[in-house]
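**Student:** Read off the chains here:
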Amino acid sequence: MGIDRPADGDDQPDSSLRPEAREPSDADVPFPSQSPDLPDLPDRATYWAEYKKAVDAEYRSYAFDQGCDRIRETEETIVTPAMERIEAEDPDRHLVGLEFRLKGKDRLTEKVAKATDEQPDLTYKDAFALVKDAIRYTFQYPDDKYAEGVRADCDRLKEAGFECLDRRNSWEEEQYKGINSRWRVPDNGQLFEVQFHTEASFHAKQETHPAYERLRAPATPKAEQDELAEFQRQVTARVPVPPGATDVLDYP
Amino acid sequence: MPTKITYYAIVNEFSSLERPGGVIRRVIDDEGRDDQAFTRNLQWEHTGTLYSYERGDGDNQLYEITEEEANQIVERIRRTVTGQA
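Top to bottom, those sequences are chains S and X. Start counting the first sequence at 237; every next residue gets the next number (our numbering). Start counting the second sequence at 2; every next residue gets the next number (our numbering).
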């Protein structure tokens with residue numbers, strides 16, 4: 237089974253199949269009674285449901301790939317070049333983990349599936365749009381340049397034309413320390429995340445990542461979740477809070 | 002230890018505090034802890050959404066709510082999924 241593709245063989249995506257376009261409706265699915273090879277009733281209802289489910293899955297897979305291609309293109313042509321220009325403006329801090337700037341397809345798929353499971357009103361298209369860290373960057377600062385550096389880089393991001401969606405300061409939290417912010421590319425609306433860390437907070441984030449993955453996993457026993465959360469708390473507690481970090485305001 | 006349950010509303014650009022997109026609860030008891038979301042399968046299932054939020058994830062905002070408010074969201078999800086909305 238396949239989804240109709242542009243008849244001219246053009247590589248351009250069919251705009252009706254992009255995640256931001258419409259999702260398939262019942263009208264897209266031929267009613268089973270139109271086919272001569274259908275089983276007799278009452279199996280037709282089951283057949284119809286299974287057929288629609290398969291079409292939905294096919295649509296989602298194709299739309300997902302198209303969405304990922306669009307994200308990659310935006311990252312390569314717009315966001316990463318801008319971030320590297322911004323990085324060059326101040327030698328005191330630098331981008332770290334740049335090789336992880338694109339979220340893996342598996343994790344992206346997991347996020348979208350989770351969102352539609354936990355928020356049944358969400359369409360697949362909306363759930364895809366909800367993911368704000370499909371592209372992400374991390375600036376790492378010396379402790380004594382942190383607060384001033386975060387404000388300066390937020391200003392630079394705005395001057396580069398990006399729109400700030402939100403900024404959340406977690407320096408007073410137990411499970412994670414740092415500041416995470418979300419931004420929008422004006423040309424196409426693509427979202428991306430910028431995290432602001434010190435060397436110690438970035439290291440703590442990396443050190444606790446395996447625990448975080450275990451915490452997310454459905455089969456992790458309750459007792460282990462307790463231990464993992466306590467491990468995250470202990471590692472995070474060792475991170476020195478840089479001067480002025482807690483004064484960087486949330487936005488909005 | 003008595004069981005402690007804390008409820009959270011899931012809010013984002015496709016929902017609001019008045020009409021949250023979903024509901025999560027953190028259950029802490031003698032066995033340990035578990036975060037659960039009320040899903041389209043109409044049951045409470047393990048979720049990593051609250052853990053992600055605590056690590057700065059910005060896909061959703063989570064707001065602590067009362068059990069009664071949580072029950073209202075659960076009932077709305079039931080109606081949505083069963084087509085009685």
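What the hints contain is simulated information worked out from the structure, not anything from laboratory work. Take the hints with a grain of salt, since some may be wrong.
[As the list claims (entries may be wrong)] Label pairs and their computed distance ranges (CB to CB):
#	chain 1	residue 1	chain 2	residue 2	range
1	S	Asp486	X	Asp30	28 to 36 Å
2	X	Glu32	S	Asp486	30 to 38 Å
3	S	Glu335	X	Lys5	37 to 45 Å
The beta carbon of each residue, even a glycine, is placed where N, CA and C say it ideally should be.
**Student:** Hint by hint, say whether it matches the structure.
**Tutor:** Quick rundown of the hints versus the structure:
1. S:Asp486 x X:Asp30: 28 to 36 Å: holds, 33 Å
2. X:Glu32 x S:Asp486: 30 to 38 Å: holds, 35 Å
3. S:Glu335 x X:Lys5: 37 to 45 Å: holds, 41 Å
This entry satisfies every hint, going by the numbered hints stated previously.
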